[in-house]
Structures are given as C-alpha cells and as structure tokens.
Amino acid sequence: MSAAANPIARKIATPTDDHPAVRIALILTSVGFIAIFLLLPLITVFAQALAHGFAEAWQAFREPDALSAIRLTLIVAGIAVPLNVAFGIAAAWAISKFDFAGKSFLTSLIDIPFSVSPVISGLIYVLVFGLQGWFGSELRDMNIKIIFALPGIVLATTFVTFPFVARELIPLMTDQGRDEEEAAVSLGASGWLTFRRVTLPNIKWGLLYAVLLCNARAMGEFGAVSVVSGHIRGLTNTMPLHVEVLYNDYQYVGAFAIASLLAMLALVTLVLKSFLEWRYADEIAAVHRH
Amino acid sequence: MTLVVQSVAKQFGRFPALNGVSFESPEGAFVALLGPSGSGKTTLLRILGGLEFADVGQVTFNGVDWLSIPARERRAGFVFQQYALFRHMTVAKNIAFGLEVRARSQRPTRAEIARRVEELLHLVQLEGLGKRYPSQLSGGQRQRVALARALAIEPRMLLLDEPFGALDAKVRKELRVWLRTLHDKTGITTVFVTHDQEEALQLADFVAVMNAGKIEQIGAPADIREAPATAFVAEFLEDVTNARALAPPRIQPRVVQLH
Numbered sequence: 003m004s005a006a007a008n009p010i011a012r013k014i015a016t017p018t019d020d021h022p023a024v025r026i027a028l029i030l031t032s033v034g035f036i037a038i039f040l041l042l043p044l045i046t047v048f049a050q051a052l053a054h055g056f057a058e059a060w061q062a063f064r065e066p067d068a069l070s071a072i073r074l075t076l077i078v079a080g081i082a083v084p085l086n087v088a089f090g091i092a093a094a095w096a097i098s099k100f101d102f103a104g105k106s107f108l109t110s111l112i113d114i115p116f117s118v119s120p121v122i123s124g125l126i127y128v129l130v131f132g133l134q135g136w137f138g139s140e141l142r143d144m145n146i147k148i149i150f151a152l153p154g155i156v157l158a159t160t161f162v163t164f165p166f167v168a169r170e171l172i173p174l175m176t177d178q179g180r181d182e183e184e185a186a187v188s189l190g191a192s193g194w195l196t197f198r199r200v201t202l203p204n205i206k207w208g209l210l211y212a213v214l215l216c217n218a219r220a221m222g223e224f225g226a227v228s229v230v231s232g233h234i235r236g237l238t239n240t241m242p243l244h245v246e247v248l249y250n251d252y253q254y255v256g257a258f259a260i261a262s263l264l265a266m267l268a269l270v271t272l273v274l275k276s277f278l279e280w281r282y283a284d285e286i287a288a289v290h291r292h
Numbered sequence: 271m272t273l274v275v276q277s278v279a280k281q282f283g284r285f286p287a288l289n290g291v292s293f294e295s296p297e298g299a300f301v302a303l304l305g306p307s308g309s310g311k312t313t314l315l316r317i318l319g320g321l322e323f324a325d326v327g328q329v330t331f332n333g334v335d336w337l338s339i340p341a342r343e344r345r346a347g348f349v350f351q352q353y354a355l356f357r358h359m360t361v362a363k364n365i366a367f368g369l370e371v372r373a374r375s376q377r378p379t380r381a382e383i384a385r386r387v388e389e390l391l392h393l394v395q396l397e398g399l400g401k402r403y404p405s406q407l408s409g410g411q412r413q414r415v416a417l418a419r420a421l422a423i424e425p426r427m428l429l430l431d432e433p434f435g436a437l438d439a440k441v442r443k444e445l446r447v448w449l450r451t452l453h454d455k456t457g458i459t460t461v462f463v464t465h466d467q468e469e470a471l472q473l474a475d476f477v478a479v480m481n482a483g484k485i486e487q488i489g490a491p492a493d494i495r496e497a498p499a500t501a502f503v504a505e506f507l508e509d510v511t512n513a514r515a516l517a518p519p520r521i522q523p524r525v526v527q528l529h
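As you go down the protein sequences, you meet chains A and B in turn. So the first sequence is residues 3 to 292, counted in the numbering used here. So the second sequence is residues 271 to 529, counted in the numbering used here.
These are calculated hints, taken from the structure and not from any lab test. Zero decoy hints are in this set.
Example chain A residues on the side facing chain B (calculated, C-beta under 8 Å, incomplete): (1) Ala185; (2) Val187; (3) Ala191.
Restricting the straight-line Cα-Cα distance to at most 25 Å, the calculated cross-link-like pairs of lysine to any residue (SDA-like) are: (4) B/Lys455 x B/Glu294; (5) B/Lys484 x B/Val274; (6) A/Lys206 x B/Arg402; (7) B/Lys443 x B/Asp466; (8) A/Lys99 x B/His358; (9) A/Lys206 x A/Trp194; (10) B/Lys363 x A/Phe197; (11) A/Lys99 x B/Ile339; (12) A/Lys105 x A/Ala92; (13) A/Lys206 x A/Leu85; (14) A/Lys99 x B/Glu432; (15) A/Lys99 x B/Ala279; (16) A/Lys206 x B/Thr360; (17) A/Lys105 x B/Phe285; (18) B/Lys440 x B/Pro491; (19) B/Lys363 x A/Leu210.
Model, not experiment: these values are computed from the prediction. Just so you know, even glycine gets a beta-carbon here, dropped at the ideal spot from N, CA and C.
Isolated chain A (complex conformation) (with noise of 0.2 Å):
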C-alpha cells in the first residue's frame, strides 16, 4: 500500500516516529535551552571584550602579568596532559586487558575528580603539601616550594584533569577485547611493538578527543588551581584567574578579552573534533565496528 493512500502512513512514516507537534515542541525547547545557556553568555562574552573596539581589547593582551598567565597556562596545561595521558592509557589498559582483585573499585576511584568539588581538590593538596600541612617543614627544609608555585598547580590541574582520558578509554578498550593484543603477540611482536603498532591505532581517535576535551579543562581550570596558586599577579596567575583579577579589579574589557581568549580555545576545539569526526568517519567507524 503506497503512502498516499493511508493518511494515516503518511503523517507517521515510521512507528518510532512521533507526533509532529510533539517534535517541533522538542526541538523548540533544546534550541531555546542551547541558545540561552550556551549561546548567549559566548556572545557576551566576545562583545565585552569588544565593547569599546578592538585596540583596547588587544591592550589587554599586552600586558606583562596577562602574557605571564598565558604562558603559565600554557605550561600547566603542556605538563598535566601527557601527564593525564599517561596515566590514563596505564589506567585504561590495566583495567580493560587484565583481570585483578579491586578492579572494579580502581574503576571508581578513577571518577573522584569528577565527583569531588574542585575547590576541595585543590585545598587537599594545601593541606599535604602547604606549610602547615602533612609535609610543609619537611619540604620546607628540603627547600622545595609546591604550594603557591608551579608545582601545586599542575598537581591541582592533573588532578581535576585525570578522568577525561582514562573514562574515554575504558570502555573502547574494553569493547575491543584483548584478541588482537594476543594475536600480535602470537604473530612474535614485542609487548611495545604491539602496543605501538596495534593497541595505540585502535584506540587513537578515542584518545585525541579526550585529550581535546583533557587540554580544554587543563587551561580553564579555575577552583583547584585558584586554591594553591595563591593569586600572585604575573607568577602563579593562570588565565582564568587572571580573568577574576581583572574583573575584581573593574577593568572588564580586559577581563573579557582573557575570557574570549578562553572561549576561543573551547571553540578551536569544538570545531577540531568535528571536523576529525568529519574527516576521519570511515576510519572511526572501521575500528569501531567490526
């Protein structure tokens, strides 16, 4: 029977689908929610920055403690992602290739930094690491600063950070079973040569998003990092909290100029990771399914 002889069949083309009301009133509702929630602070942000024309903005990066925030960010950022990258695959690959006592609990371990608010992730490191803390005179003596210093703050931002590779990872590697692991390693391959040339392709596009989605929170981490860096203009601020600096201090076109900075990043990755989703499409899906 042919659509237009069922007004029925040809209003509902399938069983899934619904009312069309009822889509129009769905879409309506996740456009209006993303236009809100999302787009609108972006705008916001971009036309502060610009509010009084683009000179004035680009002043704002030339400032000497504005340039020392990015460059501190760009550091923290260069160490705590392969750092998190490391860990992560250790974490995904010990977790989906072997079987051990305590898995399951290392599995949810791993979630604490998502769960724990970022502020208290960044005063448990005062509290171990800081001068009245478990190993303040110890360090002290030993002449080794971390809180207030660049080593607390990548330690705050690895922290927070840690989940994004290790969560991606797992469940593709687990999917993908140890089967051709054992094969390479039956076929002779060296337990390096394997991970190189067979675990590491397979997992590669799942690893390049989180470490897109990893780098993007590494650089706005603001709650951990605003804990033990100690707010030090031109030395241990980042940008986000050279961002609260600027704007405590009235100067919002700077303010925003920083956080157009920031927002630009999320979206260079956001547009990144579509297009590898775009380009790379066939590929993804081979790997995926099989």
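Given chain A's structure and the hints, the job is docking chain B onto it.
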C-alpha cells in the same frame, strides 16, 4: 611422537579448567580437540599457543620444552574464533604483520614481504583483496585472512580455536575441506578446537574427546566412532550417529496406504 603433552593442569580461581591432560601426536598430524563448552579444550589450545600458562605439566615438541618458550618466540600460528584481525590494517598489512615485527636482522626485505603476502593471498584464494579492510570482508574471507596471517610466520604449529564457529553451514563445509587440503599441502602440525563432532571426525587424523578438563578418549576417527571408550564419548557421538541413521527416513515422503 613429536608433540607430547604430559599431565597439563590449569585452574582459573577455584574452577579447574584442565585436570591433568596427556596425549601424544606425530609430527604433521591434524589433531582435533572435541568437547562441549567448558571441557577445557580452548584452555589447552591457549596453553599450546603460550597465551595461557599451565599450573603443572609439560609439553615437548620435537624434543624441545615447548612451555618454556615465550609466546612471541614460539612461532605458533594461532587462529582465533573471532579472527582477531587488526581492524585498522588492510588485509595485506595484516598478513605481513608477523614478518614486519621481526628484529631487523631477521626481517625479510620489503619486496620479499610483498611477494610472500601475494603468495599467501593466492594460497587462501583471496587474490586482489589485499587492499581491503577486514570490515569489508565476509566471515569466510576474514577466516582465510586470519589463516594466511598465521601461516606468514612459517609456524611450527598451527592452532585453530573453533575456526568455523562463526560461519554459516555452507561456508563451513567448504572451508573444512579446503583447510584439510591446505594442511596436506603444508604438512604443519595442526591442533584445532571444535564442539562439532562431525567436523572433528571428518577432518582430523586424531580426535581427542574432552570432558570436564580431561581427555576421555583419543584416537583415529574410525576407532572412536566404532569403539567409544566411555559412556560420555558414546553419548557425545550419538547425536551424529543418530542424525545419520535418521537422515534417510526423514527425507523420504510419507506414503499413506489406504486399505
């Protein structure tokens, strides 16, 4: 007797997978490990392949302590039930893998590897498919790629884990005959795992019937069929025998006579 398995046992946690298995097989033989699931046949195969370690027991192959050789140096061509092809590599790359990962001193030249790959593609009747990805092949084709990949390393022993398990009946029968011909051509000692009685009896030189981590009987297919050693073997084979006995009447049309 070149493959000698002596009282091999293996436990997973508290579950005994193998309870002291022993058998011997001459070089170049085609041995089937036959049994229901959970009988330990795959565990035994994986121990032979070095993918699992025996708790106790010994295996010697051509006089060498086989279990002391690490998996990657054993040169045992392992074919997995789900093929385990490298999904991000082309068919040709899959087959070449075992040659390309060799240490530089033992690695053939690139031209030599390409020649070997062509040769193997020809052997498994997949000429011209070298540039495809595994996801673009049918089940039967994937299985043959897996075999070609295992054969590429010039294996001392070929280990097949339910090689036809995931294939439909027709492809299964074709590949079965083809595998036997291939074995006769290459003469590599082959051990394969199956739960299909007919497949084991038709294909193998020796069949080891396994149950609950033990070998119930090992022998030539004819001997096992004619003189089952235990009640389990008799029962396990009964299905095939019955199916054969019942087959002719089943396909005969029923004639209703009227008096």
